[in-house]
Amino acid sequence: MWRDAVLVAGKDLAVERRSRVALNQVVPYALVVLLLFGFAFDQDRPLLLQAAPGLFWLAVLFSGLLAVQRSFAIEASDGAVDGLRLSGLEPAGIFVGKAAAVGLQLLVVEVLLTGGVVVLFHTRLEGAGLLITSALLSTAGVAGAGVAYGALSMGLRVRETLLPLLLAPVLAPVVLAATEAWRSALGLSSADGWRWSGLLGCFAAVYLAGGVLSFGALMEET
Amino acid sequence: MRNPQASSSSRLTRVLGWSALAALALNTWWGLWLSPPDVVQGQFVRMLYVHPAVATMCYAGFGLCTLASLAWLWPRLRSPRWDRLAVAGAEVGAVFCLATLVTGSIWGRASWGVWWTWDARLTLTAILFALSLGYLALRRAVDNPHSRALVSSMVALLMALTVVVDHYATSWWVTLHQNTTLFKQDPTVHGWQLATMLVSFIAFGLAFAWLVVHRYRLEGLEERYENEGLVSALEARRSEVTAPLDVRPGFEGDRSPSRAPAEAVSQ
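Chains A and B, in that order, are what the protein sequence lines are. Under this note's numbering, the residue at position 176 of the first sequence is numbered 261, and the numbers go up by one with no gaps. Under this note's numbering, the residue at position 58 of the second sequence is numbered 153, and the numbers go up by one with no gaps.
The shape of chain A in the complex, shown without the other chains (with noise of 0.2 Å):
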């Protein structure tokens, strides 16, 4: 399975350095996210400081989203998907390297982002330990739900809509454990961040081995 995930990833990997499709789309689209949640709190610093966290989280959600729809969007272009299924690849290793590669891309968006809220809403980096450990679970949880559901939806007419409208919803926890975690890490809640990261943890493996059990026959019927 490992070895069938590293070609998968590998792949996906190769087809975004060639396209740059998340570099040169995914991470100007979350930059303009945070400048427009900048422009809705009307330059009130207090108060997008407060915010940072949640904002930070929710510009990952919609890039997350876009880099899931796109994952997807080269398997189902000229029958590539076919090709997949017939390689002889294990499902489940198709699934981890599929959630791998939208995982690697969703950490280089979140990096940049990081930055993106430093320079913007003047917000200081504490408590690396949790931010890392709770970045790193947290994209784990994304990525998992979200090439799950991506499969589910690959097959279908209306995926561009039916997608966020499914995901959204399944995501709202991670995007409140992720939230709280990186508050108490900044400085901004008194809350323990590490059972955070703990829920988000539980979060991260639901979605996963839901994922590793589930592909298959995801693939094999959309």
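By construction, these hints were calculated from the structure, which means they are not laboratory data. These numbers come from a predicted model, not from an experiment. Certain hints may be false.
[To be verified] The calculated label-pair distances, taken between Cβ atoms and stated as ranges, are:
hint : chain 1 : residue 1 : chain 2 : residue 2 : range
1    : B       : Ser334    : A       : Val100    : 49 to 57 Å
2    : B       : Arg235    : A       : Ala213    : 42 to 50 Å
3    : A       : Asp277    : B       : Gly208    : 49 to 57 Å
4    : B       : Leu293    : A       : Ala125    : 43 to 51 Å
5    : B       : Asn239    : A       : Ser172    : 20 to 28 Å
6    : A       : Ser172    : B       : Leu231    : 29 to 37 Å
7    : A       : Tyr114    : B       : Ala290    : 56 to 64 Å
8    : A       : Tyr114    : B       : Val134    : 51 to 59 Å
9    : B       : Ala101    : A       : Glu305    : 34 to 42 Å
10   : A       : Trp87     : B       : Ala101    : 36 to 44 Å
11   : A       : Ala158    : B       : Arg235    : 49 to 57 Å
12   : B       : Leu313    : A       : Asp127    : 31 to 39 Å
[Unchecked claim] Simulated coverage check for chain B against chain A, where a stretch passes if three residues somewhere in it have a Cβ under 8 Å from a Cβ of chain A:
hint : stretch
13   : 104-118
14   : 225-232
A virtual CB, placed ideally from N, CA and C, is assigned to each residue, including glycine.
Dock chain B against chain A, hints included.
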């Protein structure tokens, strides 16, 4: 004369419907006139005779959807009936979930002074409603019945997880929403309040059952319509292919495509 097979109603649904109507009328009478106002909440306590029962029916709908989805996923039990039951439970559950949000919001305005607060129970119920809308949208987007049943069963299992977390939210987190009212060691509800509350559970339970039975049968009728529609379309197409050559005058002995439209117009 009405064709009984083309309707979702039967003696069972009529009994359920009239019973639900009578129980709801009794609930309204007891809830608004016989039950006294509460010492703390005053007249607003009357929401107690709607909101908990409606929320319970919401859970019952999604619970039914989960069990039916599990039954469909189990290879030995797999049958279209389970899929019909799953969609019936989910759709009726979504209606009651919306009713829960609306009645809860009204009660929240009266008790807490706000229509909405970012409380764990409220937020999870809103997420549950959004999930149910996604589930129903997904069902409409998939044409193949087998694929539709499979993907919607998987989404239903995730919805069940949210139902469980939502139910225990008041125990796991510090929330504004009150904890269990009835099923605790020393319940604070008794007398007329308890009796009216029990009537509300019966009334909304009957209404729930009535809606589920209708929706289940409607799904079966839709499937039949789709299947029969396909069969009749195939028959019509077959008759189109054979009919002009054998039946229509003017075509015998002359089957050139260039003359056929002219002949058809002259008739």
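Legend entry - Which numbered hints fail: Result: hints 3, 10, 11, 12 and 13 break, sorted rising.
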